[in-house]
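2 protein chains.
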Amino acid sequence: MSATFSRLSLNTMTTKSWNLRQAVEATAAAGLPAVGLWRDRVAEVGVDVASKLVHDNGLRVSSLCRGGFLTGIEDGEHALDDNRRAIDEAATLGAPELIMVAGGIPDRDLPGTRARLADRIATLVPYAAERDVRLALEPLHPVFCADRAVISTLGQALALAAPYPASAVGVVVDTFHVWWDPDLAELIAAAGAQGRISSFQICDWLVPMAADPLVSRGMMGDGVIDFAAIAALVSAAGYAGDVEVEIFNEEVWAADGRAVLETMKSRYRDLVLPAL
Amino acid sequence: MSATFSRLSLNTMTTKSWNLRQAVEATAAAGLPAVGLWRDRVAEVGVDVASKLVHDNGLRVSSLCRGGFLTGIEDGEHALDDNRRAIDEAATLGAPELIMVAGGIPDRDLPGTRARLADRIATLVPYAAERDVRLALEPLHPVFCADRAVISTLGQALALAAPYPASAVGVVVDTFHVWWDPDLAELIAAAGAQGRISSFQICDWLVPMAADPLVSRGMMGDGVIDFAAIAALVSAAGYAGDVEVEIFNEEVWAADGRAVLETMKSRYRDLVLPAL
Numbered sequence: 110m111s112a113t114f115s116r117l118s119l120n121t122m123t124t125k126s127w128n129l130r131q132a133v134e135a136t137a138a139a140g141l142p143a144v145g146l147w148r149d150r151v152a153e154v155g156v157d158v159a160s161k162l163v164h165d166n167g168l169r170v171s172s173l174c175r176g177g178f179l180t181g182i183e184d185g186e187h188a189l190d191d192n193r194r195a196i197d198e199a200a201t202l203g204a205p206e207l208i209m210v211a212g213g214i215p216d217r218d219l220p221g222t223r224a225r226l227a228d229r230i231a232t233l234v235p236y237a238a239e240r241d242v243r244l245a246l247e248p249l250h251p252v253f254c255a256d257r258a259v260i261s262t263l264g265q266a267l268a269l270a271a272p273y274p275a276s277a278v279g280v281v282v283d284t285f286h287v288w289w290d291p292d293l294a295e296l297i298a299a300a301g302a303q304g305r306i307s308s309f310q311i312c313d314w315l316v317p318m319a320a321d322p323l324v325s326r327g328m329m330g331d332g333v334i335d336f337a338a339i340a341a342l343v344s345a346a347g348y349a350g351d352v353e354v355e356i357f358n359e360e361v362w363a364a365d366g367r368a369v370l371e372t373m374k375s376r377y378r379d380l381v382l383p384a385l
Numbered sequence: 110m111s112a113t114f115s116r117l118s119l120n121t122m123t124t125k126s127w128n129l130r131q132a133v134e135a136t137a138a139a140g141l142p143a144v145g146l147w148r149d150r151v152a153e154v155g156v157d158v159a160s161k162l163v164h165d166n167g168l169r170v171s172s173l174c175r176g177g178f179l180t181g182i183e184d185g186e187h188a189l190d191d192n193r194r195a196i197d198e199a200a201t202l203g204a205p206e207l208i209m210v211a212g213g214i215p216d217r218d219l220p221g222t223r224a225r226l227a228d229r230i231a232t233l234v235p236y237a238a239e240r241d242v243r244l245a246l247e248p249l250h251p252v253f254c255a256d257r258a259v260i261s262t263l264g265q266a267l268a269l270a271a272p273y274p275a276s277a278v279g280v281v282v283d284t285f286h287v288w289w290d291p292d293l294a295e296l297i298a299a300a301g302a303q304g305r306i307s308s309f310q311i312c313d314w315l316v317p318m319a320a321d322p323l324v325s326r327g328m329m330g331d332g333v334i335d336f337a338a339i340a341a342l343v344s345a346a347g348y349a350g351d352v353e354v355e356i357f358n359e360e361v362w363a364a365d366g367r368a369v370l371e372t373m374k375s376r377y378r379d380l381v382l383p384a385l
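Heads up: the sequence lines are chains D and A, in that order.
Per this note's numbering, the first sequence starts with residue 110, numbered consecutively.
Per this note's numbering, the second sequence starts with residue 110, numbered consecutively.
FYI, nobody ran anything at the bench for these hints, they're computed from the structure.
The beta-carbon is built from N, C-alpha and C at its ideal position, and this holds for glycine as well.
Just so you know, not all the hints are guaranteed correct.
Example chain D residues on the side facing chain A (calculated, C-beta under 7 Å, incomplete) [what the hints assert, rightly or not]:
hint, residue
1, W127
2, Q131
3, R217
4, P251
5, V252
6, D256
7, L267
8, P291
9, V316
10, D335
11, A337
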């Protein structure tokens, strides 16, 4: 494995057409050290087979995506049970970080929804900590506040994490979600100083956007994000972990997976690595 | 004019198919006291005729939309000149507030773009203050950061306004743009305490969104925003000015303007007014 790519991880969502075996084998063949796994890919073969497949190919799991969706009114116990299963899966896979996407608002009560989320995180923290899995709270871009994640800023994620040890609850820095934040430099520095940067995920913000914001993420360099600037902030904050490429994009999904991997490697080498 | 609607203002964008005379006459006929004017509607007849038309119909101008778009690299002087013309128009119209939409990013340097914006605001403040026009800095939802407005939060708008007297630079609270902000309560309170709330604009956040976020605004009650909660915050912060309905929405634009006005009145009466 090349030192150039010693921190680069392929999130399975980026090569959505591949099954787990294809993604793992291609990642290893491309000289990358890590994969970020989505639970649907793990479920295809079962967690034990998935774990063996990843580790037999010499890879580590940078993160498991995803827990969360904890904001419903009626289905709290069901959601908590599903999150406990996700924590178990992360433990079995040796995934140190379980990415948590909060969930949206079931009604018009945003502060109430956020309070309910905080309560449910409190319920999950001991379960996760006992299994050495960190809950990685992911702020999503505010465009997703209504339907996907009521954690909208890195500052809010840090406030939610504050009651717990940094080893138990961290935060995700995903360029697509946080690039616009006027307080980004201070917040990344604070997250790093607290030892709470669980994951650094990268993809670009496209202009114009896709009709569905969910799939408006682009390959690094195809949009408006200054990757060198954000990578430098994350690096200066002490983060030395994997850099995971997670792209939701219909064109990327339609492309040949090996070509996507090669583009991702060259963009990482040119735009991100020099600032790490 | 009914006391019920003594603070309700129609922004001309909400009834986009109407020319200025139609909008003004319908607003007066509907018993509303104010209009928010877009410059294109003013330009149709010229600013002097527009001013006479509004005031002859017994209306006040709650705001003029808009100045701004100050973030370009090459066209700084041109943009400043256009903003000076907008300030002149606001003065002639008796519009106390000129809504400022910052402009997007011309390159990948977001901090640099924001610094350039701050410099250009500094240039405009004395010109506006001499004419008793307040520059009303409008944070736009972060979904517009790239292409429309690098002011993304109320906190950022307040920081930009901080060097100037509250009489010279204010901030806009538009529900569509700020509803998601985890710090909304504190920021509205701070804006009010500083006397900087220039304008309270209302419309809803629709789920699912329209394919173009720009026209994804809905009539109050059609989306997920808790208008009573935000109106209560604005009211508790001491704001006693107009409440302007500004909706960008293809269906609303295609509807009969008088029906839109009536719906807007009833939604305001039911969802907003009780909390003011």
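Going through the hints against the structure:
{"no.": "1", "hint": "W127", "result": "28 Å, violated"}
{"no.": "2", "hint": "Q131", "result": "32 Å, violated"}
{"no.": "3", "hint": "R217", "result": "4 Å, holds"}
{"no.": "4", "hint": "P251", "result": "4 Å, holds"}
{"no.": "5", "hint": "V252", "result": "4 Å, holds"}
{"no.": "6", "hint": "D256", "result": "6 Å, holds"}
{"no.": "7", "hint": "L267", "result": "11 Å, violated"}
{"no.": "8", "hint": "P291", "result": "4 Å, holds"}
{"no.": "9", "hint": "V316", "result": "5 Å, holds"}
{"no.": "10", "hint": "D335", "result": "4 Å, holds"}
{"no.": "11", "hint": "A337", "result": "9 Å, violated"}
Against the hints set out earlier in the document, violations occur for numbers 1, 2, 7, 11.
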